[in-house]
Every structure is written in structure tokens, then in C-alpha cells.
Amino acid sequence: MNKGGLILIVGSLLSSTAAFVWLIWRMEGRGSGPAKKLAPGQLSDEAAEDVEHIFNDEFREELRNRGRLHFEKVIGESAMFLQQDLRETTAQLNDYMRSELTRTLQAEFKKYEQSIADAKQIALGSIEKTITTIEQQRQLMEQQLAAQNNANKERAIKQFEQDMASIVNHYVIKAIGNQIDLSDQLEYILAELEANKQAIIEDVRNGTA
Amino acid sequence: MAQLKLPSTVVSRADAMRLLREINSLDDFFAGAAARKGGTPLQPPKTTKMLDQLGEINGLNLLDADSRKTLYEQLETLSRQAPSLHLSFANEPSPKAVEPILLWLREQIHPNCLVQTGVAPAIAAGCILRTPNKVFDMSMRVHLQKQAHFLNELIAGAINGR
Chain A
0 MNKGGLILIV GSLLSSTAAF VWLIWRMEGR GSGPAKKLAP GQLSDEAAED VEHIFNDEFR
60 EELRNRGRLH FEKVIGESAM FLQQDLRETT AQLNDYMRSE LTRTLQAEFK KYEQSIADAK
120 QIALGSIEKT ITTIEQQRQL MEQQLAAQNN ANKERAIKQF EQDMASIVNH YVIKAIGNQI
180 DLSDQLEYIL AELEANKQAI IEDVRNGTA
Chain B
0 MAQLKLPSTV VSRADAMRLL REINSLDDFF AGAAARKGGT PLQPPKTTKM LDQLGEINGL
60 NLLDADSRKT LYEQLETLSR QAPSLHLSFA NEPSPKAVEP ILLWLREQIH PNCLVQTGVA
120 PAIAAGCILR TPNKVFDMSM RVHLQKQAHF LNELIAGAIN GR
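Chains as they are written, first to last, in numbering that gives the first Met the number 0: chain A, 0 to 208; chain B, 0 to 161.
These aren't lab readings, by the way, just hints derived from the structure by calculation.
The reader is advised that the hints may include incorrect statements.
[Unchecked claim] Okay, derived cross-link-like pairs now, DSS-like style, lysine-lysine, Cα gap no bigger than 27 Å in a straight line: (1) B:K48 x A:K196; (2) A:K173 x B:K4; (3) B:K145 x A:K196; (4) A:K196 x B:K4.
[Claimed, not checked] Cβ pair distances, simulated, as ranges: (5) B:E75 x A:D180: 34 to 40 Å; (6) B:L102 x A:Q158: 26 to 32 Å; (7) B:P110 x A:Y170: 49 to 55 Å; (8) B:P44 x A:A174: 35 to 41 Å; (9) B:E75 x A:F159: 35 to 41 Å; (10) A:D162 x B:E72: 55 to 61 Å.
Even glycine gets a Cβ: it sits at the ideal position worked out from N, Cα and C.
Build out the structure end to end from the sequences listed, making use of the hints.
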């Protein structure tokens with residue numbers, strides 16, 4: 000309820016009270032016209048009687064009804080004003096709340112968006128750093144692997160060159176095994192004996208001396 | 000004393016020892032025959048082809064005690080003094096296969112060479128000759144090892160596309 004509504008209600012109450020007081024005063028004033036010269040006691044009695052005349056039960060009831068009606072009217076108007084004012088205040092309050100909430104929410108959303116953007120930026124930066132590191136590691140590893148691979152290759156080739164002859168020899172020996180008949184080897188054996196003849200003779204002589 | 004001629008059937012020192020035992024048994028037989036009573040059945044021992052050949056090529060009659068004694072003494076000397084060589088082959092050699100080698104050794108190295116044979120499967124082919132102080136590896140294994148550089152050259156050539 001705003002201040003204007005309150006003033007209006009108080010004003011209405013005051014005006015009705017003033018009207019009621021004026022009415023009573025007026026009624027009292029009418030009875031105070033040129034009076035017969037009566038004894039004070041008699042005058043009082045007559046006044047009381049006139050008052051009883053004027054303010055009889057019907058008149059009082061009438062006044063009471065009017066006052067009630069007026070009071071109800073004032074109260075109804077005041078209630079109406081109060082309701083209207085209350086509605087306006089509620090609407091204003093709603094608007095205010097809505098606008099405040101909207102503003103606050105927008106501010107919060109803006110902060111939230113900013114935070115998200117910052118976090119995103121940080122995350123992107125971190126990811127970029129990680130990618131860069133991984134790429135460096137990958138290149139380093141690639142170089143190391145290539146070097147290791149080359150070293151292994153060279154070692155394997157060297158080993159191959161060194162061992163190939165003995166591997167082939169071993170294979171040939173295993174493959175032919177005992178398949179060659181001794182009589183087929185005689186020519187080779189006799190040739191070898193002939194080649195070593197002098198050394199054999201010398202050793203036999205030395206050995207049997 | 001003339002040097003004993005050995006037939007190709009006498010190959011190793013074990014053969015010489017076997018001949019000695021055979022001559023001993025012949026001597027025993029003849030000693031027994033001399034001491035037997037007349038009319039007692041007599042079963043002469045069978046001599047081996049090796050002993051027969053040995054007596055034949057040396058012109059000795061094995062029925063004669065002196066000849067047997069001479070042969071015995073020469074064989075004993077032979078078993079002590081003859082150069083003994085060891086030959087290893089990839090598989091067990093037949094006497095026929097060993098004979099040419101033995102003949103070559105007796106012609107070219109020493110007339111009384113005795114040979115002991117053995118088996119060494121790892122050599123594949125050829126032989127290994129062990130004299131008293133040396134080893135002559137005449138196997139295919141060594142031959143291939145000697146040719147290793149040539150094999151390497153061939154492999155390198157094949158790899159390089161030459």
C-alpha cells in the first residue's frame with residue numbers, strides 16, 4: 000500500500016467523524032432557539048422531552064443505518080482503493096522483481112559465460128601445450144626409434160655377414176649329413192692326403208722315432 | 000730281419016694283436032699235436048684269411064714252427080713300433096672304402112701304417128687324420144669354412160644385384 004492510499008483512508012474516516020459531529024451539533028443548535036420563559040427545571044425537562052422527540056428510536060435507527068451505510072461505503076471504497084493499490088503495488092513489485100531477477104540472472108549468466116570462456120581458453124591453451132609436448136615427444140621417439148632401428152639393421156646385417164657363411168656351412172653339413180658315400184669321397188680324400196703328405200710323413204717320423 | 004709286408008686286410012693294431020693270438024693258438028695246436036698219441040683224432044684250427052694272406056705275401060709257411068716264430072716276432076715288433084694313424088669319417092666306413100686310403104698311406108707314408116677308424120658325423124664328408132702329434136682335418140666342414148669368404152662375396156653380390 001502506498002502513502003496516497005493510506006492518506007485517503009484516514010481522510011475518509013476523519014470526514015465521516017466530522018459529519019457525524021456536525022450533525023449532532025446542528026441538532027443541538029436547533030433546540031436552542033428563542034425559548035419560552037420556563038423555569039430552569041422545567042426547561043430541562045422540556046429539552047429532554049424534545050430531545051426524546053427528535054432523537055427517538057426510529058431517528059436513531061435511521062442515523063445508525065446511514066452511518067453504517069456510509070461507513071460501509073467508505074470502507075468499501077477504501078478496500079477497493081486498497082485492493083487496487085495493492086494490485087498495482089503487486090504488479091510493480093512483480094515487474095521490479097522480474098527486472099531485478101532478469102538483470103541479476105543476466106549478470107550471473109554473463110559472469111558464467113565469461114568463466115566458461117576463460118576455462119575454455121585455459122583448457123585450449125593446456126591442450127595446445129599438451130599437443131605440442133606430445134608432438135615433440137613423438138618426434139623425439141621417432142628419431143630414437145629410427146636410430147635404434149638403423150642400429151639394429153646394421154647390427155643384423157653385420158651379424159648376417161659374419162655368420163652367414165657358417166650358417167650355410169652348417170646347413171650344407173646338416174643337409175647332406177651321411178648321404179655321400181665314402182667311395183665317392185675317395186678322390187677328394189686322396190687329394191687332401193697328397194696335399195698334406197709331407198707334413199704327415201714328418202709327423203709320423205717324429206712320432207715313431 | 001726283413002720288414003714285414005702287410006696285406007690290406009690287416010688294418011689296425013687290433014688286427015695285429017688278433018694275428019698274434021692266432022699264431023699262439025696255432026703253436027698250441029702243433030704242440031698238442033706233437034704230444035698226442037697215435038690214432039687220436041685231430042681237429043686243426045681254422046686260420047683266418049688275414050693270417051693266410053700275411054703268410055702268403057711274406058713267403059712264410061704257417062705249418063713251419065720257425066716261420067711262425069719269425070712271423071710272431073715281426074708282428075710283435077710291428078704292434079709296438081708301427082705308426083698308428085686314426086681316421087675319422089662321417090659314417091662307419093666299409094673295409095673296401097678304407098682299402099685305397101690304407102694302400103696310399105702304406106705306399107706314400109710308411110709301409111707298416113696301421114689305421115684305426117672312427118666316426119664323426121659332424122664333418123659331413125671327407126675325413127680327419129690324426130697322426131701322433133697332429134690333426135689333419137680334411138673334412139668338408141673345413142673345406143666350406145675355407146671357402147666362407149667366397150660365399151660371402153656371392154651373397155653380397157646377390158644382395159647388391161650384381
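Hint check results:
no.: 1; hint: B:K48 x A:K196; in the structure: violated (31 Å)
no.: 2; hint: A:K173 x B:K4; in the structure: violated (41 Å)
no.: 3; hint: B:K145 x A:K196; in the structure: holds (20 Å)
no.: 4; hint: A:K196 x B:K4; in the structure: holds (21 Å)
no.: 5; hint: B:E75 x A:D180: 34 to 40 Å; in the structure: holds (37 Å)
no.: 6; hint: B:L102 x A:Q158: 26 to 32 Å; in the structure: violated (47 Å)
no.: 7; hint: B:P110 x A:Y170: 49 to 55 Å; in the structure: violated (42 Å)
no.: 8; hint: B:P44 x A:A174: 35 to 41 Å; in the structure: violated (50 Å)
no.: 9; hint: B:E75 x A:F159: 35 to 41 Å; in the structure: violated (59 Å)
no.: 10; hint: A:D162 x B:E72: 55 to 61 Å; in the structure: holds (57 Å)
Of the numbered hints given earlier, the model fails hints 1, 2, 6, 7, 8, 9; all others are met.
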